[in-house]
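Colleague: Each chain, written out:
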Amino acid sequence: MRSRHITNQIRTFRFHADEMTQQELADKVGVTRQTIIAMEKDKYSPSLELAFKIARVFNTTIEEVFSYDRPEN
Amino acid sequence: MSIQEKETIVSLISTFVIVTGYLFYIDSDYGSVTDQMSMLTFWATYILLLMPIFILIKIVIIIIFAIINKIITDEELPEHSDELDQLIDLRAARNTLIVMTLSLLGAVSLIPIGYGLEAMLIGIIVCITISMAAWDITRIYFYRRGF
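Heads up: the protein sequence lines correspond to chains L and G, in order. Each residue of the first sequence is one higher than the one before, starting from 14 at the first, in this note's numbering. Each residue of the second sequence is one higher than the one before, starting from 13 at the first, in this note's numbering.
No lab work stands behind these hints: they were computed from the structure. Quick caveat: nothing in here was measured; it's all calculated off a predicted structure. Idealized CB from N, CA, C, for every residue including glycine. A portion of the hints provided could be inaccurate.
What the hints assert, rightly or not - Heads up, simulated DSS-like pairs for lysine-lysine below, C-alpha to C-alpha not over 27 Å straight-line:
1) L:LYS41 x G:LYS70
2) L:LYS41 x L:LYS54
3) G:LYS18 x G:LYS82
4) G:LYS70 x G:LYS82
5) G:LYS18 x L:LYS54
6) G:LYS18 x L:LYS41
7) L:LYS54 x L:LYS66
8) L:LYS41 x L:LYS66
9) G:LYS82 x L:LYS54
10) G:LYS18 x G:LYS70
11) L:LYS41 x G:LYS82
12) L:LYS56 x L:LYS41
13) L:LYS66 x L:LYS56
Said to hold, decoys possible - One-sided excerpt, in silico: chain L residues whose CB lies under 10 Å from chain G:
14) ALA30
15) ALA39
16) GLN47
17) PRO59
18) LEU63
What the hints assert, rightly or not - Only part of the chain L face toward chain G is listed, based on derived beta-carbon distances under 8 Å:
19) THR45
20) ALA51
21) LYS56
22) TYR57
23) LEU61
24) ALA64
25) THR73
26) THR74
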């Protein structure tokens, strides 16, 4: 599996948002549940727009939800 | 396994089933072929008919799959495709185009190497089939691996 440098805390934020379900989050940001699952498993790095939408759902900043690990050269 | 993966696997299997069934069906009409002109007319007609029949049967199969899946898992097919679906579809379209171009070249090259016109026409049907399969295989690959 290829290494991914963008990780996220979506699962944690969902837990702190009264155990919001993946489907509820998907409906709020306008994607399918499959996309939320892929992001939580770090199998998909979302677009900037989607990242902002997710951060806004949790009333936080994009940096709190997503982090970028710069690859070693 | 996600519903998109299940749908794509159903689509992949149905591609081969539809084309195989279609070839068996047209085989019964092959007796009308007497010379090269009638053979050309025969294959041209059935290759042209393949596309609308293929699309129609596939739509019916996907609808049946959606109904059965809803009954069993209570999960519905997504009403719209989101950014991940669109990215995967874009990659699938690229791979389909590559496979179709290469297989079409392969089908055409059957003539200069001595296999004849009929082999090329059958090659075109094979070309269409594997191009459709390339679409589904790419989708399954990216839904499983991630993007």
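Colleague: Work down the list of hints and note, for each, if the structure agrees.
Modeller: Do the hints match the structure? See the list:
no.: 1; hint: L:LYS41 x G:LYS70; verdict: violated, 32 Å
no.: 2; hint: L:LYS41 x L:LYS54; verdict: holds, 19 Å
no.: 3; hint: G:LYS18 x G:LYS82; verdict: holds, 12 Å
no.: 4; hint: G:LYS70 x G:LYS82; verdict: holds, 18 Å
no.: 5; hint: G:LYS18 x L:LYS54; verdict: holds, 19 Å
no.: 6; hint: G:LYS18 x L:LYS41; verdict: holds, 25 Å
no.: 7; hint: L:LYS54 x L:LYS66; verdict: holds, 19 Å
no.: 8; hint: L:LYS41 x L:LYS66; verdict: holds, 8 Å
no.: 9; hint: G:LYS82 x L:LYS54; verdict: holds, 25 Å
no.: 10; hint: G:LYS18 x G:LYS70; verdict: holds, 14 Å
no.: 11; hint: L:LYS41 x G:LYS82; verdict: holds, 23 Å
no.: 12; hint: L:LYS56 x L:LYS41; verdict: holds, 21 Å
no.: 13; hint: L:LYS66 x L:LYS56; verdict: holds, 19 Å
no.: 14; hint: ALA30; verdict: violated, 21 Å
no.: 15; hint: ALA39; verdict: holds, 8 Å
no.: 16; hint: GLN47; verdict: holds, 5 Å
no.: 17; hint: PRO59; verdict: holds, 7 Å
no.: 18; hint: LEU63; verdict: holds, 6 Å
no.: 19; hint: THR45; verdict: holds, 4 Å
no.: 20; hint: ALA51; verdict: holds, 5 Å
no.: 21; hint: LYS56; verdict: holds, 2 Å
no.: 22; hint: TYR57; verdict: holds, 5 Å
no.: 23; hint: LEU61; verdict: violated, 11 Å
no.: 24; hint: ALA64; verdict: violated, 11 Å
no.: 25; hint: THR73; verdict: violated, 21 Å
no.: 26; hint: THR74; verdict: violated, 21 Å
In this structure, the earlier hints numbered 1, 14, 23, 24, 25, 26 are contradicted, and the remaining ones agree with it.
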